[in-house]
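Sequence positions in the sequence shown follow this note's numbering and run 1 to 125.
Because the hints were derived from the structure by calculation, they are not lab data.
A portion of the hints provided could be inaccurate.
[To be verified] Estimated spans, in silico, between C-beta atoms of each pair:
1. Leu120 x Ala21: 24 to 32 angstroms
2. Asp124 x Arg34: 12 to 20 angstroms
3. Arg98 x Leu30: 16 to 24 angstroms
4. Arg112 x Ala50: 13 to 21 angstroms
5. Phe100 x Thr49: 14 to 22 angstroms
6. Leu120 x Asp74: 27 to 35 angstroms
7. Gly122 x Ala92: 16 to 24 angstroms
8. Asp74 x Pro102: 17 to 25 angstroms
Beta carbons are placed, not taken as given, at the ideal position from N, Cα and C, and that holds for glycine.
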Amino acid sequence: MPRWGSTSPTAADAAAVARLATEFWVQAYLAVLRQSDIPAFVTAHGDDTAGAVFVKVNSLDGQARAMQRSYDLDGNRVWVTLADGAEAEVDAALDRQRGFDPDIWIIEVEDRAGRALLDLPGLDG
1 MPRWGSTSPT AADAAAVARL ATEFWVQAYL AVLRQSDIPA FVTAHGDDTA GAVFVKVNSL
61 DGQARAMQRS YDLDGNRVWV TLADGAEAEV DAALDRQRGF DPDIWIIEVE DRAGRALLDL
121 PGLDG
(Lines of atoms letter the chains of each structure in order from A; the text may use other names.)
(Lines give C-alpha, C1' and ligand atoms only; values in the text may rest on other atoms or scores of the structure.)
Protein backbone atom coordinates (compact mmCIF):
# COMPACT_ATOMS: atom_id res chain seq x y z
CA MET A 1 0.00 0.00 0.00
CA PRO A 2 1.53 3.38 -0.98
CA ARG A 3 2.42 5.91 1.66
CA TRP A 4 0.75 9.30 1.69
CA GLY A 5 2.83 11.73 -0.31
CA SER A 6 4.60 8.98 -2.24
CA THR A 7 5.51 9.99 -5.79
CA SER A 8 6.16 6.45 -6.96
CA PRO A 9 3.43 5.14 -9.25
CA THR A 10 1.56 2.10 -8.05
CA ALA A 11 0.10 -0.75 -10.08
CA ALA A 12 -3.32 0.84 -9.59
CA ASP A 13 -1.98 4.13 -11.00
CA ALA A 14 -0.59 2.32 -14.04
CA ALA A 15 -3.87 0.47 -14.54
CA ALA A 16 -5.83 3.73 -14.40
CA VAL A 17 -3.63 5.27 -17.10
CA ALA A 18 -3.80 2.12 -19.23
CA ARG A 19 -7.60 2.09 -18.96
CA LEU A 20 -7.69 5.45 -20.70
CA ALA A 21 -5.30 4.55 -23.48
CA THR A 22 -7.40 3.19 -26.35
CA GLU A 23 -10.73 4.72 -25.37
CA PHE A 24 -9.06 8.12 -24.89
CA TRP A 25 -7.38 7.92 -28.32
CA VAL A 26 -10.67 6.92 -29.99
CA GLN A 27 -12.57 9.80 -28.38
CA ALA A 28 -9.84 12.27 -29.37
CA TYR A 29 -9.86 10.95 -32.94
CA LEU A 30 -13.65 11.27 -33.18
CA ALA A 31 -13.39 14.86 -31.91
CA VAL A 32 -10.81 15.73 -34.59
CA LEU A 33 -13.08 14.27 -37.26
CA ARG A 34 -16.09 16.20 -35.90
CA GLN A 35 -14.10 19.44 -36.04
CA SER A 36 -13.45 18.74 -39.73
CA ASP A 37 -17.13 17.90 -40.38
CA ILE A 38 -16.26 14.30 -41.25
CA PRO A 39 -18.85 11.83 -39.95
CA ALA A 40 -17.46 8.86 -38.04
CA PHE A 41 -18.95 6.13 -35.92
CA VAL A 42 -17.66 3.44 -33.59
CA THR A 43 -19.04 0.27 -35.18
CA ALA A 44 -17.19 -2.11 -32.84
CA HIS A 45 -16.27 -1.11 -29.28
CA GLY A 46 -13.15 -2.98 -28.27
CA ASP A 47 -11.19 -3.26 -25.07
CA ASP A 48 -10.92 0.17 -23.42
CA THR A 49 -7.36 -0.34 -22.29
CA ALA A 50 -5.48 -1.98 -25.08
CA GLY A 51 -7.83 -2.89 -27.90
CA ALA A 52 -6.37 -2.61 -31.38
CA VAL A 53 -7.92 0.13 -33.50
CA PHE A 54 -8.99 -0.32 -37.12
CA VAL A 55 -10.24 2.60 -39.19
CA LYS A 56 -12.54 1.96 -42.12
CA VAL A 57 -12.85 4.83 -44.58
CA ASN A 58 -16.07 4.57 -46.58
CA SER A 59 -15.97 6.81 -49.66
CA LEU A 60 -19.74 6.32 -50.12
CA ASP A 61 -19.34 4.97 -53.65
CA GLY A 62 -19.19 1.27 -52.83
CA GLN A 63 -15.45 1.46 -52.13
CA ALA A 64 -13.69 1.47 -48.77
CA ARG A 65 -10.28 1.14 -47.14
CA ALA A 66 -9.43 -0.36 -43.76
CA MET A 67 -6.29 0.67 -41.89
CA GLN A 68 -4.58 -0.60 -38.80
CA ARG A 69 -1.64 0.47 -36.68
CA SER A 70 1.65 -1.27 -37.22
CA TYR A 71 5.36 -0.60 -36.84
CA ASP A 72 7.81 0.37 -39.56
CA LEU A 73 11.39 -0.94 -39.79
CA ASP A 74 12.59 1.81 -37.43
CA GLY A 75 10.07 0.86 -34.75
CA ASN A 76 7.81 3.86 -35.37
CA ARG A 77 4.05 3.41 -35.18
CA VAL A 78 2.43 3.87 -38.57
CA TRP A 79 -0.94 3.26 -40.21
CA VAL A 80 -0.98 0.56 -42.88
CA THR A 81 -3.73 -0.59 -45.21
CA LEU A 82 -5.36 -3.87 -44.22
CA ALA A 83 -7.81 -3.95 -47.13
CA ASP A 84 -8.75 -1.65 -49.99
CA GLY A 85 -11.49 -2.10 -52.58
CA ALA A 86 -15.15 -3.05 -52.64
CA GLU A 87 -16.82 -2.21 -49.34
CA ALA A 88 -18.08 -5.78 -48.90
CA GLU A 89 -14.51 -7.12 -49.19
CA VAL A 90 -13.22 -4.57 -46.69
CA ASP A 91 -16.04 -5.49 -44.29
CA ALA A 92 -15.15 -9.18 -44.68
CA ALA A 93 -11.50 -8.42 -43.83
CA LEU A 94 -12.60 -6.55 -40.70
CA ASP A 95 -14.95 -9.39 -39.74
CA ARG A 96 -12.00 -11.81 -39.99
CA GLN A 97 -9.97 -9.56 -37.68
CA ARG A 98 -12.83 -9.54 -35.15
CA GLY A 99 -12.89 -13.33 -35.39
CA PHE A 100 -9.22 -13.39 -34.38
CA ASP A 101 -9.59 -10.73 -31.69
CA PRO A 102 -13.02 -9.71 -30.39
CA ASP A 103 -11.45 -6.81 -28.44
CA ILE A 104 -10.70 -4.65 -31.49
CA TRP A 105 -12.21 -1.25 -32.14
CA ILE A 106 -13.58 -0.41 -35.57
CA ILE A 107 -14.21 3.22 -36.44
CA GLU A 108 -16.05 3.90 -39.68
CA VAL A 109 -15.31 7.24 -41.32
CA GLU A 110 -17.61 8.45 -44.09
CA ASP A 111 -15.93 10.83 -46.50
CA ARG A 112 -16.35 11.05 -50.28
CA ALA A 113 -12.76 12.30 -50.58
CA GLY A 114 -11.48 9.32 -48.58
CA ARG A 115 -9.98 11.44 -45.80
CA ALA A 116 -9.16 9.77 -42.50
CA LEU A 117 -6.87 12.49 -41.04
CA LEU A 118 -4.60 9.80 -39.58
CA ASP A 119 -1.57 11.75 -40.77
CA LEU A 120 -2.20 14.56 -38.28
CA PRO A 121 0.20 14.90 -35.33
CA GLY A 122 -0.93 12.69 -32.47
CA LEU A 123 -3.01 10.49 -34.75
CA ASP A 124 -0.27 9.43 -37.11
CA GLY A 125 0.84 6.37 -35.25
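Tested hints:
1. Leu120 x Ala21: 24 to 32 angstroms: 19 angstroms, violated
2. Asp124 x Arg34: 12 to 20 angstroms: 19 angstroms, holds
3. Arg98 x Leu30: 16 to 24 angstroms: 20 angstroms, holds
4. Arg112 x Ala50: 13 to 21 angstroms: Violated: the Cβ-Cβ distance is about 33 angstroms, outside 13 to 21 angstroms.
5. Phe100 x Thr49: 14 to 22 angstroms: Given range 14 to 22 angstroms: holds, Cβ gap about 18 angstroms.
6. Leu120 x Asp74: 27 to 35 angstroms: Cβ of Leu120 to Cβ of Asp74: about 20 angstroms, so the range 27 to 35 angstroms is violated.
7. Gly122 x Ala92: 16 to 24 angstroms: Violated, since Gly122 and Ala92 (Cβ atoms, about 31 angstroms apart) do not stay within the stated range.
8. Asp74 x Pro102: 17 to 25 angstroms: Violated - the Cβ-Cβ distance for Asp74 and Pro102, about 31 angstroms, lies outside 17 to 25 angstroms.
Taken one by one, the earlier hints fail for this structure at numbers 1, 4, 6, 7, 8, listed in ascending order.
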